[in-house]
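Here are the chains, one letter per residue:
Number of protein chains: 2
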Amino acid sequence: MDKEEPMQPQADVEHLQKIARMMRYHILAATTHAGSGHPTSSLSATELMAGLFFGGFFRYDPDNPDHPNNDRLIFSKGHAAPLFYALWVAAGALDGERYDNNYRKMGSPLEGHPTVAYKYVEAATGSLGQGLSIGVGEALNAKYLDKLPYVTYILLGDSEMAEGSQWEAMEIAAHYKLDNLIGVLDVNRLGQRGETMYGWNLEVYEKRIRAFGWETILVDGHSFPEVLEAYKKAGRVADKPTMIIAKTIKGKGVSKVENKNGWHGKALKQDDFEAAVKELGDIDMSVRGQIAPPQDLRPERPQPGPVDEPHYPADKPVPTRNAYGNALKRLYPKFPAIVSLDGEVSNSTRAEYFKEAYPQRFFEMYIAEQNMVGAALGLAQRGQIPFVSTFAAFLTRAFDQIRMSRYSDPNIKFVGSHAGVSIGQDGPSQMGLEDLAMMRTVLDSVVLYPCDAYSGERLVEEAAQHQGIVYIRTTRAGTPILYGPEEAFPIGGCKVLRQSDQDVATVVTAGITVFEALKACDELKENGVNIRVIDLYSVKPVDEATLKDAARETKAIITVEDHYAEGGLGEAVKSALAATPTPVYSLAVRKKPQSGKPQELLDYEDISQRAIVARVKDLG
Amino acid sequence: MDKEEPMQPQADVEHLQKIARMMRYHILAATTHAGSGHPTSSLSATELMAGLFFGGFFRYDPDNPDHPNNDRLIFSKGHAAPLFYALWVAAGALDGERYDNNYRKMGSPLEGHPTVAYKYVEAATGSLGQGLSIGVGEALNAKYLDKLPYVTYILLGDSEMAEGSQWEAMEIAAHYKLDNLIGVLDVNRLGQRGETMYGWNLEVYEKRIRAFGWETILVDGHSFPEVLEAYKKAGRVADKPTMIIAKTIKGKGVSKVENKNGWHGKALKQDDFEAAVKELGDIDMSVRGQIAPPQDLRPERPQPGPVDEPHYPADKPVPTRNAYGNALKRLYPKFPAIVSLDGEVSNSTRAEYFKEAYPQRFFEMYIAEQNMVGAALGLAQRGQIPFVSTFAAFLTRAFDQIRMSRYSDPNIKFVGSHAGVSIGQDGPSQMGLEDLAMMRTVLDSVVLYPCDAYSGERLVEEAAQHQGIVYIRTTRAGTPILYGPEEAFPIGGCKVLRQSDQDVATVVTAGITVFEALKACDELKENGVNIRVIDLYSVKPVDEATLKDAARETKAIITVEDHYAEGGLGEAVKSALAATPTPVYSLAVRKKPQSGKPQELLDYEDISQRAIVARVKDLG
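Protein chains in written order, with this note's numbering: chain A, 1 to 620; chain B, 1 to 620.
Honestly, the hints are just simulated from the structure, not real lab data. If you're wondering where the values come from, they're calculated on a predicted model, not measured in any experiment. Be aware that one or more of the hints could be misleading.
Since the list gives no way to pick out one identical chain from another, each pair is judged satisfied if it fits inside one copy or across any two copies.
Within a straight-line C-alpha distance of at most 27 Å, the following computed DSSO-like cross-link-like pairs (lysine-lysine) qualify [as the list claims (entries may be wrong)]: (1) 592 <-> 105; (2) 592 <-> 177; (3) 147 <-> 232; (4) 591 <-> 119; (5) 592 <-> 266.
Let's have the full structure, built from the sequences with the hints guiding it.
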């Protein structure tokens, strides 16, 4: 089971202890100077991290943080940021005084919890229970995509082991035999408001983690010899990930706070700080450690190539989810960084079309959406373009991970299928009715909602091309082919589908209800009433100019969406038109949905042809 | 370790087999008639559930589903709804033909996944990995609050064991020694799109579940003698929950689909159905089983009593989170159904004020928000009023549970502290900036956002009084006392804080930015410009009448919120005023937040006094 591993250099324990003392100084100095922060949570893991960095294990080029073969270190317990920064001081890559004086300061990259504002942060953390999933993505990339020998290390807190996402990451890491993933569990016994469920009962953690298929190594987290030995052993484990489970003391080294409750997230006052520094003993402020360099290996990545054009027979309805699957598969040669992750529903989201064509670029992430999103972030940070798919409803499971991912400036695409009541008989649990609100509220996100196969194909391409967070909402049912293959769908655009000089109102909609609007338009026209119809396929950003034209040229705007009334397309339009006098009326899902036939439900919720016609007639 | 348990009646295996055949008939008939549904996932658990119901274990009065001592059964694998309904046919509580003809029909309570439209459904399911958490709430209620001997049973699928929420529920159930909670894990090997991670390797499940502190019992899920024996054993386990882990066959009894991939969520066609019925053999459509009645025990619940009035010195700032803690403690005698759940941050959310006063009504749910919300739903369904608190940012972790809870019509209160960039140095990971969007988009939810201690106190009382889902957003920093103790804050209201005949604009805001608006108002007034200021403490529903008055009487509306621009207060106001011509301008968080001092961040995001003054001046 052992991997072949070059002998590690013999680390000098005394030197490491000197480094740790200096790091402790900076952890205390920076937090006391800032007047806030988490010194005690940093002190418990100081030896664990100093041993990793300066014991010859961690391989990283500080002059080239983007080196594809750098080992990766993620602080899942992001509140231990003071320790993270102290490591880089010790590595000679961050000026100690600069750290002491700028931690948590406005404009400084040394934020209260790590964000990518600081160049050595691989991904932002601070919402607990997310780092291991990010690490799964990094390790999947190393083992299966880039095929590089870098190792991903995750510092974990014991409190955060209560998060279910940890066990999702654990099971998937074992499933994919990620022997390049090493967790370091800092069991300091104390959470924010008191003791954790298991205190220093390391065996509970060991039993669970082993049951989830990991190797485990128990250590005294303050003993450098034990810590170094643990990393040595962990590096030799083959075919499975390893967790180093360390018994540690929160606040270690400062008797006033050591192992005491009530000291989470609190900085020492100046006089306590001075006493603590005395207690640390002789501190050599100039001591530095050496980080081993990475092997200079680069991944072999294919060059972008040409792709076919999409083609759909004009007379056959196609679900936009099919267009998604087709597009992903079709576009891969042009975007060879695409990787597809799906939450055990690839036959429904149609990610399986891609999977069948490019099995090596597809990861089955099972029904564990939180870890799926975290892993996607890890892949994105290594230069891949992850497309993450599940039912739109189930993406809500990972809202915290989606929200947090934003602070890593990632290039991730989310795809939610089975949007709206139009899914029909399966009922409300399976209906995505909050997804537009969720994805719109993410800063700078792009939200796309195609209504036919061609727009679906083009919007997948737009998503792949766009650097950032993009959400694509797809529909279960087949919808008619509305556009031709030549049509372009730029982000921020829309399509005016019906227009005349006599339009009394403009219906703005997207997705399946576009066809309800068109039917309503035809019905009204037969009665001599003209309306404008806009396909707002780009829900964020919206095409303000076209909407404002419509607001100027027609008496009223009517928005229609298969989504709850708040936060979706209707409010996007209202926001765009908030400074114009034209009234905006919104048709949206406002009654508790239920099982029924798609058309029955569209009618029931007053978002179908009938409701649109009635609303236009009501304008008088 | 064994509990004393009366001997179970000797069940007649042949009779049970007759019942199971009849149930299989209805599972197939109803799904074939509907043309959709999940027969195969129902057939695998037929013996497991028939044995529970009619083997003398499950105690329930079908004439009185609300009996507080009924045992509870939750289908965490909600897609097995056809089996659930078939159970009630077999119990004589649902007409078989009515079931066959109405399953999944518009208007029928027999929905595609269980919802509380059907009287025997305790809580809606269908998003996987949620039932066990709901069961934790039911079992906490029985053991610690109502002190009743009812038992909660949860039917679980093997696929859904990949969800982290399961392990959250598992750890908390063991922590609280819930020996009144029995899980039934239906290991049918096949998920939606193929085999699960572990197939029929029951030992993997056993090892993990035991490591999480549960008793386990392995059975052949199609053998009635084994199933009955398992329930008997499970009923005797003391001090910990039990999981019955059953090896089963998906599609059991229908050779065309038995143990075959590709048959998830698919109904048989008519001819396959007819062949399947033949294969089932002699079916006695009139066979019925007997459910044992519950002991007629009722909980002793205290009567509501009088409470003190809140009091705060007028000159001392108080964080609204403190007001929350104070109010919950103060109001308990008036609302003795209040129960507080907190995600290991009670010292920050101030739930600890309540905990210290009423420790028996407080549950520490550790850092496991998904399970916390699920458990709260279970408690709500048993008549408690759960107040669920954590940082607003971390409530996003449970969005799927919050979304799903809506379909159970529950009486739950969510409380999110540390809202907005105004939390300061801790940085974006800890800032609730999407919570208003998330909670507004929940159908019929109430969203409240107090700005001072008195409004905080009153809004907690409004929340307790209101039947339904309420969200209260609280602030970390102390804010001045703005209101008096006599002021009322009805849901759907607002407070006009500044008003004159010469108001050029109305600033609509809530929470911490109310004070920025007041400062801006004062500054402008010194320059001879009057503005109106509205505290929109009820973000949903909003006070449309007052907003429309302001829109009529002033030239412009300016919304200000410490939240992202989409889905929050600004869009709530825009929605209310979408049909009025007055322009609405929105100040909201639009730049990536960072660590900094609260005031620096309010300034940086242009949601402070300075930005408000500038915006008003820009109106010209």
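Taking the numbered hints from earlier one at a time, note which ones the structure violates and give those numbers from smallest to largest.
2
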